[in-house]
Amino acid sequence: MKQKLSFTLNGDRVETEVEVHWTLLHLLRVHLELTGTKEGCGKGECGACTVMVDDKAVNSCLYPVMELEGREVLTIEGLADAEGNLHPIQKAFVEHGAVQCGFCTPGMVMSAKALLDENSKPSEEEIRTAIAGNFCRCTGYIQIIEAIKAASQGR
Amino acid sequence: MEEFTSIGKRIAKGDAQDKVTGRAAYMDDLKVPGMLYGKILFSKFPHAKILRVDTAKAEKLMGVRAVLTGRDIPPIRFGFLKDNVPLKWGKVRSYRDEVAAVAAINPDIAEEALGLIEVEYEALPAVFDPDEAMQEGAPLIHEVDARGNPMESNVLPLPWKLVAGDVDKAKRESAHIAEDRLKTTWVTHICMGTMGIIAEFDLRNNLTIYANTQIPYLAQRDYNDALVAMGLKGSKTRVIQPTIGGGFGSKLDTYGQDYIAILLAHKTRKPVKIQFTREEEFFATSPRQPTIINIAQGCMKDGRLTFRDVSMILDNGAYASWGATTPSVMMMPISSLYKVPNVRYIARCVYTNNTWSQAMRGYGNPQATFGIESNLDHLAEQAGIDPVEMRLINSNIPGEVTPQRFKITSCGLKECIEKVAESLDWESKHGRRDGRGVGMASLIHVGGGARVYKSDGCGTIVKVDDFGTVDVFTGATDIGQGSDTVIAQVVAEELGVRVEDVNVVDHDTEVCPWDVGVHASRTTFVACNSAIGAAKKVKEQILELAAGYVDIEKDKDGTKREIKLDDDPGNLVIRDREVYSKRDPEVKIPIGKILRGSHYRTGGKMVMAEYFYDPDNENLDREFKGNLSMTYAYGTHGVEVEVDKETGKVKILKYVAAHDVGRAINPMLLEGQIYGAVSMGVGYGLTEQLTFDKGECMNPNFRDYKVLTAKDVIPVEPIIVETVDKDGPFGAKGIGEPGCVPSAPAIANAIYDAIGIRINTLPITPEKILKALREKEGKKSE
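Note that the protein sequences, when read in sequence, are chains A and B.
Using the working numbering, the first residue of the first sequence is number 1, and each one after it goes up by one.
Using the working numbering, the first residue of the second sequence is number 1001, and each one after it goes up by one.
Do not rely on the hints blindly, as some may be mistaken.
[To be verified] Listed next, the in silico BS3-like pairs over lysine-lysine satisfying Cα-Cα at most 27 Å (straight line):
no.	chain 1	residue 1	chain 2	residue 2
1	B	K1706	B	K1651
2	A	K43	B	K1711
3	B	K1454	B	K1726
4	B	K1625	B	K1082
5	B	K1711	A	K56
6	A	K149	B	K1654
7	A	K149	B	K1009
8	A	K43	B	K1694
9	A	K121	B	K1654
Simulated from the structure, these hints should not be mistaken for laboratory data.
Please model the complete structure; the sequences and the hints are all you need to start from.
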């Protein structure tokens, strides 16, 4: 059954029709063709689909679209500024070798963003906890943690 | 010290910006206009006759465009022994056997249609244990081979046997001998981007494939063979690779789903995409093969190794992919890790009704090294020699020719062992048995390509445009490891331009030259040598154009000045985008100006060159001997663990990974390879296993298959040993696989040092440790 939905996506107002059973991930990837957010498992286990809803990191593959009404969604596509300059977290990921195959990267960056928005000077333990739900098979996480630390210190 | 402008620099990965912004498009992100979605119906039995398949209901479902079964398809055979077909007919041999397939206008309808296909099976006796599968009277998995000849047993017709020297004599003469039986189990690659393929035919029946393959050019040949089987002789295949979300060896073959997509696309005349779900990725892709390892090693009183005797059984599963050939790589550490004069190795691969296996990072080396290095510590203890001393006594050295006839050129093994021992504070920490322990293990791996096919080559085309920017078309495939970056670095270094001036193109068989694929840690060595070859030719062309070139330069006050480069190209160099006269560095002209000049004059020319580099290494001969690689990578890992005797939990306190890499072209990406590989290697040692119950995968999800998370980060300290190999690109060796090879035995040895218990089956779970501790305590109290 289709229903009307309005919310804010990467700073823009969106009004659209959705099926009530859709997930946020389905809405983003299939309906709105924002494929920067990845599907790694579709079951809320791997974190590849992480986006922010009202400043919190969520697994968009589990997030029901009908919960979105009036909320603000930020995806990886909305992170660089209007001139296309990378967000400091994105920049730090590039510069610290935190990206290999890159499939986990958008979700990882969004988890890091949610963390640093809430806690601008996290400890290493807090960083690890924040990205514990984001699986990466390439990096062993070391350079990712280094990048998030660097971003938090303005390096 | 040589002065480099690009080599040795921590340069960010070429496509990192696209990846951090979500712009990079992976298989799952690709859509072709009019595309249908394919889905596969897998077997409900591990071994059964297919009595009847009824697709009528599925065909009638609205939105379904095609349904295929094994009855409907031409005789396409694939796999290393051509023992596999895309859709099965007659019988199924594993739970991942493809029985039927559907193409529909969306994935939901395709899924629904699968549920409407009726299949009637008659269960057959099945066998899941390779030991049992070898016994007389065991159910035959394949009654006939690919040529239709009857099979008499489940043992694959592969003669894996390596003999050097006289092992029996050496056994009699050894002062100490240690024997062990070890077991390793299935683990899987866990690529974050799952397998996917789009097949599309044009009106002339030419095929375009989009796939996240590691072997675009070999896959192209496989697909061409399929086109011939489909009666489409003369049709061509183009393979386009999107951004690849991890490889680790999983994509070194072509698979059933590839051919199913091709067949569905041909039947519907529409592009068809098959994208695996995570569950399918777990149970329907090929994991690392399990092994049963029987090993004995012996030494003299002084610790010098006398022999190594290994026999192995591999659970091949129901069909043969490259997993069945991993013994050819296991021979490498068995014959050539440490100096060991007498070697015997026999391996049997056995068909079972389990899943079938494939190469995975290390290609058999992690299993073999787990056996060798665990058993070596056992031997050292029997001989009363410190494990570090034992390894130093037997360390490989430059100039050595090993029993398998490997010619060891550069070799930093001794330095790796010493540095790891020093970093671990071995002398004071080893041998305390107080719940904390240290252990180490070393590795050898191919570091200079590996001639496993007739060719080990890679082609490169370098083209320079009239702004002085460089396009490099390479056969190499980037699976995240950074070949796009290191190739740009070596070309920039060779041509005297900056890394950001170099654009690497690497994803289309219609544009890029040939390569055998991204395997065997060969890409940095082979593709960079190839790129250097092409860049050298281009440099010559530029210098020829530049020789005697006259430029008019205006000073600030408007006076014109003539600049003329030396007439002899031999007296010219390119540095930082400008051509200089060696004799007078003040005389210089930007490359772009010279190149533009060449396009805007009569008799102008393109500045471009190609180069095919095929290393001077050898195929293994009939005795499985020969210099497989131009050079060999060495390394040693050391680990300090704490074992909780109450819970059996192993905590890694320190992890040192020393690697002889030849030269670090890009230390940041190099460290990334080591960190990632160690994380995978530690998972192999402690947490990961794909579990099968009577052939059925019991943990096809991230909850039950334990990959390490950020909470389990291993505190890896890489130690980079640079031996500057004479044949390597700027001295470099391969490093893709080595980092995951010695982790499991290093950990097993450290656990033994901590609590005096040796666990010989992977993964070393807390349950196994607790059980062994209880058994030990029980024995004490008796």
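Going through the hints against the structure:
no.: 1; hint: B/K1706 - B/K1651; result: holds (16 Å)
no.: 2; hint: A/K43 - B/K1711; result: holds (20 Å)
no.: 3; hint: B/K1454 - B/K1726; result: holds (24 Å)
no.: 4; hint: B/K1625 - B/K1082; result: holds (26 Å)
no.: 5; hint: B/K1711 - A/K56; result: holds (20 Å)
no.: 6; hint: A/K149 - B/K1654; result: holds (21 Å)
no.: 7; hint: A/K149 - B/K1009; result: holds (22 Å)
no.: 8; hint: A/K43 - B/K1694; result: holds (26 Å)
no.: 9; hint: A/K121 - B/K1654; result: holds (26 Å)
No hint from the list above goes unmet by this structure.
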